[in-house]
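There are 2 protein chains.
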Amino acid sequence: MFRSHTCGELRSSHIQTKVTLSGWVQKVRDKGFVVWVDLRDRYGITQLVFDEERSSDKLITEARKLGREFVIQVEGEVIERSSKNPQLNTGDIEILVSELQILNEALLPPFTIEDETDGGVELRMKYRYLDIRRNPIKNNLIFRSKVTMEVRKYLSEQGFIEVETPYLIKSTPEGARDFVVPSRMNAGQFYALPQSPQTFKQLLMVGGLDKYFQIVKCFRDEDLRADRQPEFTQIDCEMAFVEQEDILNAFEGLTRHLLKTIRGIETDKFPRLTYDDAMRTYGNDKPDIRFDMRFGELNAVSQHKDFQVFNSAELVVGIAVPGGASFTRKEIDALVDWVRRPQIGAKGMVYVKCNEDGSYKSSVDKFYDQDDLGKWAEATNAVPGDIICVLSGEAMSTRTQLSALRMEMAERLGLRNPSEFAPLWVVDFPLLEMDEETGDYHAMHHPFTSPKPGQLELLETDPGSVRANAYDLVLNGNEIGGGSIRIHDKKIQATMFRHLGFSEKEAKEQFGFLMDAFQYGAPPHGGIAFGLDRFVAILGGQETIRDFIAFPKNNSGRDVMIDAPARIDENQLKELSLKLDIQKRG
Amino acid sequence: MFRSHTCGELRSSHIQTKVTLSGWVQKVRDKGFVVWVDLRDRYGITQLVFDEERSSDKLITEARKLGREFVIQVEGEVIERSSKNPQLNTGDIEILVSELQILNEALLPPFTIEDETDGGVELRMKYRYLDIRRNPIKNNLIFRSKVTMEVRKYLSEQGFIEVETPYLIKSTPEGARDFVVPSRMNAGQFYALPQSPQTFKQLLMVGGLDKYFQIVKCFRDEDLRADRQPEFTQIDCEMAFVEQEDILNAFEGLTRHLLKTIRGIETDKFPRLTYDDAMRTYGNDKPDIRFDMRFGELNAVSQHKDFQVFNSAELVVGIAVPGGASFTRKEIDALVDWVRRPQIGAKGMVYVKCNEDGSYKSSVDKFYDQDDLGKWAEATNAVPGDIICVLSGEAMSTRTQLSALRMEMAERLGLRNPSEFAPLWVVDFPLLEMDEETGDYHAMHHPFTSPKPGQLELLETDPGSVRANAYDLVLNGNEIGGGSIRIHDKKIQATMFRHLGFSEKEAKEQFGFLMDAFQYGAPPHGGIAFGLDRFVAILGGQETIRDFIAFPKNNSGRDVMIDAPARIDENQLKELSLKLDIQKRG
Numbered sequence: 000m001f002r003s004h005t006c007g008e009l010r011s012s013h014i015q016t017k018v019t020l021s022g023w024v025q026k027v028r029d030k031g032f033v034v035w036v037d038l039r040d041r042y043g044i045t046q047l048v049f050d051e052e053r054s055s056d057k058l059i060t061e062a063r064k065l066g067r068e069f070v071i072q073v074e075g076e077v078i079e080r081s082s083k084n085p086q087l088n089t090g091d092i093e094i095l096v097s098e099l100q101i102l103n104e105a106l107l108p109p110f111t112i113e114d115e116t117d118g119g120v121e122l123r124m125k126y127r128y129l130d131i132r133r134n135p136i137k138n139n140l141i142f143r144s145k146v147t148m149e150v151r152k153y154l155s156e157q158g159f160i161e162v163e164t165p166y167l168i169k170s171t172p173e174g175a176r177d178f179v180v181p182s183r184m185n186a187g188q189f190y191a192l193p194q195s196p197q198t199f200k201q202l203l204m205v206g207g208l209d210k211y212f213q214i215v216k217c218f219r220d221e222d223l224r225a226d227r228q229p230e231f232t233q234i235d236c237e238m239a240f241v242e243q244e245d246i247l248n249a250f251e252g253l254t255r256h257l258l259k260t261i262r263g264i265e266t267d268k269f270p271r272l273t274y275d276d277a278m279r280t281y282g283n284d285k286p287d288i289r290f291d292m293r294f295g296e297l298n299a300v301s302q303h304k305d306f307q308v309f310n311s312a313e314l315v316v317g318i319a320v321p322g323g324a325s326f327t328r329k330e331i332d333a334l335v336d337w338v339r340r341p342q343i344g345a346k347g348m349v350y351v352k353c354n355e356d357g358s359y360k361s362s363v364d365k366f367y368d369q370d371d372l373g374k375w376a377e378a379t380n381a382v383p384g385d386i387i388c389v390l391s392g393e394a395m396s397t398r399t400q401l402s403a404l405r406m407e408m409a410e411r412l413g414l415r416n417p418s419e420f421a422p423l424w425v426v427d428f429p430l431l432e433m434d435e436e437t438g439d440y441h442a443m444h445h446p447f448t449s450p451k452p453g454q455l456e457l458l459e460t461d462p463g464s465v466r467a468n469a470y471d472l473v474l475n476g477n478e479i480g481g482g483s484i485r486i487h488d489k490k491i492q493a494t495m496f497r498h499l500g501f502s503e504k505e506a507k508e509q510f511g512f513l514m515d516a517f518q519y520g521a522p523p524h525g526g527i528a529f530g531l532d533r534f535v536a537i538l539g540g541q542e543t544i545r546d547f548i549a550f551p552k553n554n555s556g557r558d559v560m561i562d563a564p565a566r567i568d569e570n571q572l573k574e575l576s577l578k579l580d581i582q583k584r585g
Numbered sequence: 000m001f002r003s004h005t006c007g008e009l010r011s012s013h014i015q016t017k018v019t020l021s022g023w024v025q026k027v028r029d030k031g032f033v034v035w036v037d038l039r040d041r042y043g044i045t046q047l048v049f050d051e052e053r054s055s056d057k058l059i060t061e062a063r064k065l066g067r068e069f070v071i072q073v074e075g076e077v078i079e080r081s082s083k084n085p086q087l088n089t090g091d092i093e094i095l096v097s098e099l100q101i102l103n104e105a106l107l108p109p110f111t112i113e114d115e116t117d118g119g120v121e122l123r124m125k126y127r128y129l130d131i132r133r134n135p136i137k138n139n140l141i142f143r144s145k146v147t148m149e150v151r152k153y154l155s156e157q158g159f160i161e162v163e164t165p166y167l168i169k170s171t172p173e174g175a176r177d178f179v180v181p182s183r184m185n186a187g188q189f190y191a192l193p194q195s196p197q198t199f200k201q202l203l204m205v206g207g208l209d210k211y212f213q214i215v216k217c218f219r220d221e222d223l224r225a226d227r228q229p230e231f232t233q234i235d236c237e238m239a240f241v242e243q244e245d246i247l248n249a250f251e252g253l254t255r256h257l258l259k260t261i262r263g264i265e266t267d268k269f270p271r272l273t274y275d276d277a278m279r280t281y282g283n284d285k286p287d288i289r290f291d292m293r294f295g296e297l298n299a300v301s302q303h304k305d306f307q308v309f310n311s312a313e314l315v316v317g318i319a320v321p322g323g324a325s326f327t328r329k330e331i332d333a334l335v336d337w338v339r340r341p342q343i344g345a346k347g348m349v350y351v352k353c354n355e356d357g358s359y360k361s362s363v364d365k366f367y368d369q370d371d372l373g374k375w376a377e378a379t380n381a382v383p384g385d386i387i388c389v390l391s392g393e394a395m396s397t398r399t400q401l402s403a404l405r406m407e408m409a410e411r412l413g414l415r416n417p418s419e420f421a422p423l424w425v426v427d428f429p430l431l432e433m434d435e436e437t438g439d440y441h442a443m444h445h446p447f448t449s450p451k452p453g454q455l456e457l458l459e460t461d462p463g464s465v466r467a468n469a470y471d472l473v474l475n476g477n478e479i480g481g482g483s484i485r486i487h488d489k490k491i492q493a494t495m496f497r498h499l500g501f502s503e504k505e506a507k508e509q510f511g512f513l514m515d516a517f518q519y520g521a522p523p524h525g526g527i528a529f530g531l532d533r534f535v536a537i538l539g540g541q542e543t544i545r546d547f548i549a550f551p552k553n554n555s556g557r558d559v560m561i562d563a564p565a566r567i568d569e570n571q572l573k574e575l576s577l578k579l580d581i582q583k584r585g
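Sequence lines, in order, name chains A and B.
For the first sequence, position 451 (counting from the first letter as 1) is numbered 450 according to numbering that gives the first Met the number 0, and the numbering increases by one without interruption.
For the second sequence, position 296 (counting from the first letter as 1) is numbered 295 according to numbering that gives the first Met the number 0, and the numbering increases by one without interruption.
For the record, the hints were derived by calculation from the structure and aren't laboratory data.
Owing to the predicted nature of the structure, the values given are computational and were not obtained by experimental measurement.
Heads up, some of the hints might be wrong.
As the list claims (entries may be wrong) - Chain B stretches covered by chain A per the calculated footprint, using a threshold of three residues with CB under 8 Å from any CB of chain A:
1) 102-116
2) 161-167
3) 229-236
Unchecked claim - Restraint ranges, calculated between C-beta atoms of paired labels, are given here:
4) E121(B) / D562(A): 42 to 50 Å
5) R53(B) / D245(A): 28 to 36 Å
6) E244(B) / I141(A): 21 to 29 Å
7) I141(B) / D245(A): 15 to 23 Å
8) R53(A) / D434(B): 51 to 59 Å
From the three backbone atoms N, C-alpha and C, an ideal C-beta is built for every residue, glycine too.
Using the sequences and the hints given, assemble the complete structure.
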């Protein structure tokens, strides 16, 4: 036993107790006649004191030699501090040290182990084990553990069974995104790592397990975008004998439970928006509804004059930005530049200032009178003091542009408060989405999603209009969960595969086992999967998922700490019946 | 909502209630004027009744057409059964059905969905989703979920934090056993799947997390022996600032908690045996101590006569088998044949019957008198009625042979009671073990295990004698957990690597990041990992781990249900910069 107490535990009630502590040296302050050492462990910081009056020369000399991050063990007596530190749980006391042992020395760390560190991201990733010593990262990992424990407790109490599904499975048609694993024992053959346990959880429903969940790693070999990881964690869930309403209620319950137990926040019944309404109202299928600025469609009140930009547009749409009437000319010009950046792609922006006196001043006063502009204000719910920002053009891209502007304005106005939580369900997603390059339709969610009742026939005539029993849980502008009611009928599943461009042979090769299973009595079922990394980050009031992952990979999929991936030796390749075949890139 | 109640829920208090149930048709019994259907779901079986008096013709006709494993939904009224079934929770009632809907039809399943099925292992694996419908498998999966939940609750309450470590890591020196994952984004480079999170949990200790656990999948590409899986699950744990005693206490606590909450069994403090004592007393480092039959070493009392077999043996050792004095000549001959089978490998067996009258009758009466045999009885704790079985030869192999005989006799005598639990710690394992072919020493546990204090020097002179701070938790003859106190000193770790035959370069390449980490203030630490699959099986009173895994692989590492591993297409290989290189086998 290296300690009698932790460094976060001692209070004034412990005064005069003999204690043993162990931990890291956070700081040494040498005032000549007295040396203070801050000793740190996971639980807190305790101040050690060595002084010329009460400590031996030897001890005080040793204390002076302690370096930052040395690992030490001390024995001593808890005494009252003369100058108390109310910032610290242990701030009423200090330890008068009688024995000091260095358990391990430490090189000077490459960055400071403080809440605000001087280390850049690269360096912190390379020395992640030191980064984890810092409170922000350490607390995030503890927070994550607490969240997953609450998820498990809640779902278990609701009768869900956690089942581990296999990691060594089979490559699926979205094959290019699978990580594969060569099999030594089956030369020339490969396992694949799961992108999700989708088919297995459906098989568990066929198997009668009724309510399944799993917190599980998933893998996707995609070109990584910022803040995407090749391995990520899902809360994966499935229920049998349910309709969409049952799933929404069950997992609204989970989310509400987490907000309550983790953040102490009570939430009302979550609002629901159809996909179409979400797109129309927020230009986005994962709207942040912590703030308003809903879209006002202006076609009817803006296409009757000689302004050709609007007249030729499929959609004219605006938002009212609170307080924006006070923007200077320069600020507005900057905003126009912002929406014209290639990342946003708008051609320009029309604005209307809603003056405090009820009048309007716009960039298109040449075309529109006060009466026209009043109608725009009405459509966008603008009030005096607001500025109305109006974009126009092809409907889909204009909505996307205005959504980006809406988020940017909210950010600038401080409306994206990380301690506020505004969950909602987005429902009735399209079943299919079109690949703009090839014109082919893909499953928007996945090929097992069931169309809305009675819409199967539309697949033949108007595939883009078919709506699915699919839903997303959105929190503060992030999709944190998504799922669907599945097809449980073998014939409908076969129809779906056909419409998704699978030949019968391909469908059989890839999903034969699932279609076989559906012949033996598949119950109606559906489910949902939450992206745990992001869910935890948002619950923690943060955006960077990497700060909630113990050992994340960088944007090239590398772990810079262990330096992986790496070459393997020839023998190992040979055993796997493989040869490298590296193409020179022109 | 497809149901108002589950099939395990209704009692006589529900009589006259209108209910909706959904589930699978377990059985249809058609008595002409009345048709009974057993409806099954995860929660139980409820009897449905259709009869000519109370049901419409149409309904009863439909009921007659129901096949086994059809998925149906019924509405009806709960009524009292005329002949109650006390075997069934719902046996007091039945449902008089008023509406019947077939949700999905089912082909005749390839084996019966009953507790005792007619399906062989192969067939059950191919249709695992049907196998899971059977109570024994379903209950095992529910049991496993319950065990893991208890593990998490207990460890969380003890301040352990569950941290997810990465799955895409780096190949380690025991490279041949790693599954590797080619990286598309880093051509010619590979990740490896972890054999365990060993280095990461040590880094978490360096990172100050203090108490870590994780229930985590691990991977080993070994030639599979019976009941070994290429992917398996560990309860992986690590603590900082601990000595061996702290770890043993912490995880004895966990094990005792599980025995109590899961099986309702209170256990005393677990006995502890050194590795040397375990080998001497049971010939085995994972002894089953639910029964006695301890080894009695007989060299001193058997090598003083003219029996050359014993005189030339390094070890003469016996066990007293209870009740064995009544074995017939034929039974004893069969036993001799049994120990001489190549799997056991003994040259022969000497026996001594301990007659009820206190006399002895042995197969070596020519050499030993009653007085000699009395001393053998004393050494093996034999009492009248026992038979003493004696083997001799080279010490290590003789112990192994006698251990096999001891287990076999216990099995035959019914002493391996699956509802009895006898945990113990085996401690002080050798640090190294010799490869008999090459004469090289390998780490018995792993290269991070610390030698006992003061024994480091012995590495130079007598490496085989060095004992480690390593321990196993043994339950009913199975190693269910093993761990060690780790080396936390960079210099000692370097010495260890040298003795294990790593060049400095190899050590740096493979474990550079760990040795680097040890420079920045590594605390003393240690841990343990439990094999969850086996632990759960034993807690469940069973031996076959496959029955506690939802989707296990067979002995060739194949998932016969999904038919994995499998070929992948050329494009995928090309993207991974790989070519197949399949050698013809001569």
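Status of each hint after checking the structure:
1. For the segment 102-116 of chain B, the stated coverage by chain A holds: 6 residues have a C-beta nearer than 8 Å to a C-beta of that chain, and at least 3 were required.
2. With 7 residues carrying a beta carbon less than 8 Å from a beta carbon of chain A, the segment 161-167 of chain B meets the three-residue requirement, and the given coverage holds.
3. By the rule of at least three residues with a Cβ nearer than 8 Å to a Cβ of chain A, the coverage given for the segment 229-236 of chain B holds, with 3 such residues.
4. The hint said 42 to 50 Å for the Cβ distance between E121(B) and D562(A), and at roughly 44 Å that hint holds.
5. Separation of R53(B) from D245(A) is about 31 Å and conforms to the stated range, judged on CB atoms against 28 to 36 Å.
6. Roughly 26 Å separates the CB atoms of E244(B) and I141(A), a value that falls within the hinted 21 to 29 Å.
7. Between I141(B) and D245(A) the C-beta distance comes to about 21 Å, which sits within the given range of 15 to 23 Å.
8. In this structure the hint that R53(A) and D434(B) lie 51 to 59 Å apart at CB holds, the actual value being about 58 Å.
Violated hints: none; the structure is consistent with every hint.
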